[in-house]
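Trainee: Listed here are the chains, written in short residue letters.
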Amino acid sequence: MTLVIYIAVMAGMTYLIRMIPFAAFRRQIRSRFFRSFLYYVPYAVLTAMTVPAIFYSTGSVETAAVGTAVALVLAYFDMPLIVVALAASAAAFAAGFVFPFVH
Amino acid sequence: MKSPFTKGLLDGIPIALGYLSVSFGFGILAVRSGLTAFASVMISLTNLTSAGQAAGIAIIAAGGSYFEMALTQLVINLRYGLMSISLSQKLDDTFNTPRRLLIAYGITDEIFAVASAQKGLLTARYMYGLISVSTLGWCLGTFLGASAGQFLPASLTNAMGIVLYAMFIAIVIPPAKKSRGVLAVAVTAAVCSLIFRYLLPQVTGGFAIIFSAVIAAVMGALVFPESGEAGEELSE
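Line by line, the protein sequences are chains D and P. Following this note's numbering, the numbering of the first sequence begins with 1 at its first residue and continues without gaps. Following this note's numbering, the numbering of the second sequence begins with 1 at its first residue and continues without gaps.
Hints are computed from structural coordinates only; laboratory data are not their basis. Among the hints, erroneous ones may be present.
Unchecked claim - Okay, the calculated bits of chain D under chain P, using three or more residues with CB under 8 angstroms as the criterion:
| # | region |
| --- | --- |
| 1 | 40 to 54 |
| 2 | 57 to 66 |
| 3 | 72 to 79 |
| 4 | 85 to 98 |
As the list claims (entries may be wrong) - Part of the chain D face toward chain P, derived, beta carbon under 8 angstroms:
| # | residue |
| --- | --- |
| 5 | L3 |
| 6 | M10 |
| 7 | M13 |
| 8 | T14 |
| 9 | I17 |
| 10 | F22 |
| 11 | A23 |
| 12 | R32 |
| 13 | F33 |
| 14 | F37 |
Glycine included, C-beta positions come from ideal geometry on N, C-alpha and C.
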């Protein structure tokens, strides 16, 4: 039951954020500060979510660090999202076979 | 001549393929934090967003409050409000209020990017096609990821746990190369997040993300004000 409420809160809030401006908005936002703030929010959110959680995402800090390094390099060279995502995972997977021998 | 709905479906196929692998990673994370495959798919179907869902399952796993959940979703998904404002300027006459209410559900980073890139005004049917095939990919991937633990080796599902975060890196790094503001915001957010995690662990996950993001974005807006059109730079 608690889980249903959690999901309802999640879904309801996410929908309202999309729906209210979409249904109601007719004008551009003018405040330069507010527009800049909104412009930076996605990058701030995604970075705060990724660091340091990414290092705990594979069950091993070592394999996660290898995957992170691969993701950083490929992202730096503007590879598509899907390539970066899968290559990082493949690197973490491969590293999983190497590290047991290093320890 | 393709119907607008068919064109939307076709344009949505690359999105759906990308979503398959990312939501596969989400499914794995969701099951690892104690959810069933059914609950994972329900979250994907009702939310249709990667970052918000990843933060959401962390809050559920940690037993956070509903207030924390609502506020976290608000901050993480605030960008959709911006995209909605941008897309709302591009709708044709077929968009009456019920259709706006329906299509608002499907405004994601990728759907926004594809829809914004269309020449001329958007029709409701085109958006139905685009959103339906993307949603299918998102939910199918979640289901496969959530079920994968039962028939894939742990070494593989463990490695898939990084997929979502790697995608976040791929979204942040390219603009950070070009804009000192984005770079400064990202570094600030990372430093704040590390401080909360290791020095102030009493601040729980959702709030740590909110505080880190708001501090970093306010700093960016004050030190590096952006003059570009709101929304347009968010497309990947």
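Trainee: Would you check whether D/F33 satisfies its interface hint, that is, whether its CB is within less than 8 angstroms of any CB in chain P?
Mentor: 5 angstroms, holds
Trainee: Taking the least C-beta to C-beta distance, is D/F37 closer than 8 angstroms to chain P?
Mentor: OK, holds: D/F37 within 8 angstroms of chain P, min 4 angstroms.
Trainee: Is the shortest C-beta separation between D/L3 and chain P less than 8 angstroms?
Mentor: 6 angstroms, holds
Trainee: Is the listed coverage of the region 72 to 79 of chain D by chain P valid when you require three or more residues with a beta carbon under 8 angstroms from a beta carbon of that chain?
Mentor: Result for this restraint: holds, n = 6.
Trainee: Can D/I17 be said to touch chain P, with a Cβ gap under 8 angstroms?
Mentor: At 5 angstroms from the nearest chain P Cβ, D/I17 passes the 8 angstroms test, so the hint holds.
Trainee: Should the interface hint for D/T14 be scored as holding, given a Cβ-Cβ cut-off of 8 angstroms against chain P?
Mentor: 5 angstroms, holds
Trainee: Can we keep the D/A23 interface hint, with Cβ of chain P closer than 8 angstroms?
Mentor: 5 angstroms, holds
Trainee: Should the interface hint for D/F22 be scored as holding, given a Cβ-Cβ cut-off of 8 angstroms against chain P?
Mentor: 4 angstroms, holds
Trainee: Quick check on D/M10 please, does its C-beta sit within 8 angstroms of some C-beta on chain P?
Mentor: 5 angstroms, holds
Trainee: Mind taking a look at whether chain P covers the region 57 to 66 of chain D? Criterion is 3 or more residues with CB to CB distance under 8 angstroms.
Mentor: That given contact holds, which follows from 6 residues of the region 57 to 66 of chain D lying within Cβ reach (below 8 angstroms) of chain P.
Trainee: If you take the shortest Cβ to Cβ gap from D/M13 to chain P, is it below 8 angstroms?
Mentor: 4 angstroms, holds
Trainee: Okay, the region 40 to 54 of chain D and chain P, do three or more residues pass the C-beta test at under 8 angstroms?
Mentor: Since three or more residues must qualify, the claim that chain P covers the region 40 to 54 of chain D holds, with 15 doing so at under 8 angstroms.
In the structure shown, no violation is registered for any of the earlier numbered hints.
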